[in-house]
Amino acid sequence: MEAPISLEREKHVKYFLRCLDVLPSSCSHLDSIRMTILYFSLHGLDTLNSIERLSAERRDEIIDWIYAMQLVPAAENRFVGFRGSPALEQDPHIAHTYTALCILLILGDDLSRVRRSAITASLATLQLPDGSFTATNEGSESDIRFVFCAAAIAYMLDDWSGVDVPLMNVYIRRCLSYEGAFANTPMSEAHGGSTYCAVASLQLSGSLNKQLDADELSALARWCLQRQYTGFAGRPNKPWDTCYSFWIAGTLHILGMTPLVAHDENRQYLLEAQDPVIGGFSKYPNHFPDPLHSCMATVGLALSGFASLQPVCATLNIGEKANDKLDELRRIWRQKDGV
Amino acid sequence: MSDSESELSPYVSYRERAEWQDIVPLEQEEGLAPVVQIAYSDRFRETFSYFRAVFAKDELSERALDLTREAAMLNPANYSVWVYRRKLLKALDRDLLEEQNFLADIIEMHPKNYQVWQHRKEIVEWSQDPSLELEFTANMFTDDAKNYHCWQHRQWIITRFGLWDGELEFTAKLIEKDRRNNSAWNQRYFVVNHEIEQLEATAAGGAGDADETQKAVILHREIEFSKKQIAKDSHNESPWSYIKGVFRLMKQKLHLSVTMMALCDELMKDKSPHVAAFLIDAKEELLGQQGEGGSEQVNSILEEVVRLCEILADEWDTIRKRYWNYLAELLQVKYQGLPD
Numbered sequence: 001m002e003a004p005i006s007l008e009r010e011k012h013v014k015y016f017l018r019c020l021d022v023l024p025s026s027c028s029h030l031d032s033i034r035m036t037i038l039y040f041s042l043h044g045l046d047t048l049n050s051i052e053r054l055s056a057e058r059r060d061e062i063i064d065w066i067y068a069m070q071l072v073p074a075a076e077n078r079f080v081g082f083r084g085s086p087a088l089e090q091d092p093h094i095a096h097t098y099t100a101l102c103i104l105l106i107l108g109d110d111l112s113r114v115r116r117s118a119i120t121a122s123l124a125t126l127q128l129p130d131g132s133f134t135a136t137n138e139g140s141e142s143d144i145r146f147v148f149c150a151a152a153i154a155y156m157l158d159d160w161s162g163v164d165v166p167l168m169n170v171y172i173r174r175c176l177s178y179e180g181a182f183a184n185t186p187m188s189e190a191h192g193g194s195t196y197c198a199v200a201s202l203q204l205s206g207s208l209n210k211q212l213d214a215d216e217l218s219a220l221a222r223w224c225l226q227r228q229y230t231g232f233a234g235r236p237n238k239p240w241d242t243c244y245s246f247w248i249a250g251t252l253h254i255l256g257m258t259p260l261v262a263h264d265e266n267r268q269y270l271l272e273a274q275d276p277v278i279g280g281f282s283k284y285p286n287h288f289p290d291p292l293h294s295c296m297a298t299v300g301l302a303l304s305g306f307a308s309l310q311p312v313c314a315t316l317n318i319g320e321k322a323n324d325k326l327d328e329l330r331r332i333w334r335q336k337d338g339v
Numbered sequence: 001m002s003d004s005e006s007e008l009s010p011y012v013s014y015r016e017r018a019e020w021q022d023i024v025p026l027e028q029e030e031g032l033a034p035v036v037q038i039a040y041s042d043r044f045r046e047t048f049s050y051f052r053a054v055f056a057k058d059e060l061s062e063r064a065l066d067l068t069r070e071a072a073m074l075n076p077a078n079y080s081v082w083v084y085r086r087k088l089l090k091a092l093d094r095d096l097l098e099e100q101n102f103l104a105d106i107i108e109m110h111p112k113n114y115q116v117w118q119h120r121k122e123i124v125e126w127s128q129d130p131s132l133e134l135e136f137t138a139n140m141f142t143d144d145a146k147n148y149h150c151w152q153h154r155q156w157i158i159t160r161f162g163l164w165d166g167e168l169e170f171t172a173k174l175i176e177k178d179r180r181n182n183s184a185w186n187q188r189y190f191v192v193n194h195e196i197e198q199l200e201a202t203a204a205g206g207a208g209d210a211d212e213t214q215k216a217v218i219l220h221r222e223i224e225f226s227k228k229q230i231a232k233d234s235h236n237e238s239p240w241s242y243i244k245g246v247f248r249l250m251k252q253k254l255h256l257s258v259t260m261m262a263l264c265d266e267l268m269k270d271k272s273p274h275v276a277a278f279l280i281d282a283k284e285e286l287l288g289q290q291g292e293g294g295s296e297q298v299n300s301i302l303e304e305v306v307r308l309c310e311i312l313a314d315e316w317d318t319i320r321k322r323y324w325n326y327l328a329e330l331l332q333v334k335y336q337g338l339p340d
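Protein sequence lines correspond, in order, to chains A and B. Under this note's numbering, the residue at position 80 of the first sequence is numbered 80, and the numbers go up by one with no gaps. Under this note's numbering, the residue at position 42 of the second sequence is numbered 42, and the numbers go up by one with no gaps.
Fair warning: there could be bad hints in the mix.
[Said to hold, decoys possible] Simulated pairs of lysine-lysine, BS3-like, Cα-Cα distance not exceeding 27 Å:
| # | chain 1 | residue 1 | chain 2 | residue 2 |
| --- | --- | --- | --- | --- |
| 1 | B | K112 | A | K283 |
| 2 | B | K90 | B | K112 |
| 3 | A | K238 | B | K271 |
| 4 | B | K227 | A | K210 |
| 5 | B | K227 | A | K238 |
| 6 | B | K112 | A | K238 |
| 7 | B | K173 | A | K238 |
| 8 | B | K253 | A | K210 |
Hints listed in this document are in silico derivations from the structure and should not be mistaken for laboratory results.
For reference, chain A alone in the conformation it holds in the complex (with noise of 0.2 Å):
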């Protein structure tokens, strides 16, 4: 192996510090997901034990433009969450609901100003007959991505009555392909993103050994380590993405099967899709840096036991300290209404 390159740990600081203020016009079409910008440039950053680079006040600025997109809609059946930016007025939606709960945890928030019960009650708006969930009440396309989401949302807010477990089962069940890992719709290929939010989901719901038998989880954590070259692919005879750092070695964390990666391959692998100029990292060496890439990359190379980086949280892709903080909520919680 080459000589060991080093995590520009500063740069990559900073990169997620300038995400955090303003993006350039060329990230327009980033426009609607803000609040996942947001957790991304937050997570990275507290992966990287920076958090403490934002003052008090940055904080308490960031965490009350949160709360402006948290939203009641007036009429009655209707979703309850937040919404994705200011530019989508009308519909909190199911992923910036999770990113949003996930930064206001990084950012040491108490939730005291979620709409916990209207959230999770809510969740059931969003699901189908199949099992499946949208991410809004119209005009939203529903897959596995939003079934992790609702499994999250229902567990960070401490409160199921909103989501059909065994159906939503149903459908997770129907996304495992002929391969041994998940889809993101049912027949659809197995693929790296889908198949950690399904062994996520079925995690976070307390199913996973009830719903996938022995043989299925050999297989599934075979299909999952056979995707490492030195990063990983999200599908078979397709390039190393450093993204799949996380949505596969995640996965192949929450198996309990992390001895078994290759760490030192992969950890070479993310270093060198480093931009050593602006920060961040791309997709693979030599490309441009993005928000996503970065914060997967960052926590990728925390779960491969990267020095020096917080410990995440698989299932929910947090940082440790903030999935502490969850869950003394959810003991105090849980105290309050008498479980």
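Could you slot chain B onto chain A? The hints should help.
Chain B in isolation, oriented as in the chain A frame:
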């Protein structure tokens, strides 16, 4: 500027357009502090300010429709624009063929955007006319034969409108073009799965025997197909996972397939990890049948499996050496009753 911004006609500010004088643009509510703020171009900012104004009035007009086109071109990921556009198309009773043409252009510019594909799906569902879709998706595959959205759309069209005819041949064509196209192999499984479902549906009526014979014919056909592709390159993962999947679908055992076992023996010289893994799986089936607890037969098969794991770990698939060593140990514990 997004890719499609440059495709729009030269910009004339809405403020300067006579037909828009009556509308007061609604600025976006940003709040006091910038958080992931985007430095929008003037065109982007203004277009969406007018969009917000028109949307707030729920205006259902031609100019609103044109506005949604411009807004969609600037940010195709803004799903509110698409929802509103569909409302407008219905209210104005617009020609859906024209919409399909517009969609063809925008999908080509943004082939991995969820909203444009969803819009196309909704338009087809509304028109009940799938006649363009197979050709459209086939054309998209010439640029990127693995586009996930495109395959999903094609599968939906075929399932929704029963357009199964010729799809098996289509997958063969794509696999012939690129045998490493895992999406094409997945599509082939999609078709074969449907064939089996059809057989089982008719068999339920009492033609049980015919069903099994027909299944055997299909299995044989797929073994021959996969074998041909494997022979060209045994290091290609796709045909291996495909044929294993088909065996499972047919509830057939790998180790009982003379063809496959002979193929594997022949191909060991290629040092392909997939050959070795197939043999491991086949032999594990055997072990599963013999039962646990250390008979001579079991020990002999187990020895072969462990040997294959060692070859993979030490020579043919070293990146996964920890896995193959782990698997060998796991199987030894399971079938030899060795202490954990």
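Outcome of the hint check:
no.: 1; hint: B:K112 - A:K283; in the structure: holds (15 Å)
no.: 2; hint: B:K90 - B:K112; in the structure: holds (26 Å)
no.: 3; hint: A:K238 - B:K271; in the structure: holds (21 Å)
no.: 4; hint: B:K227 - A:K210; in the structure: violated (36 Å)
no.: 5; hint: B:K227 - A:K238; in the structure: holds (22 Å)
no.: 6; hint: B:K112 - A:K238; in the structure: holds (16 Å)
no.: 7; hint: B:K173 - A:K238; in the structure: holds (20 Å)
no.: 8; hint: B:K253 - A:K210; in the structure: holds (25 Å)
In the structure shown, a violation is registered for the earlier hint numbered 4 alone.
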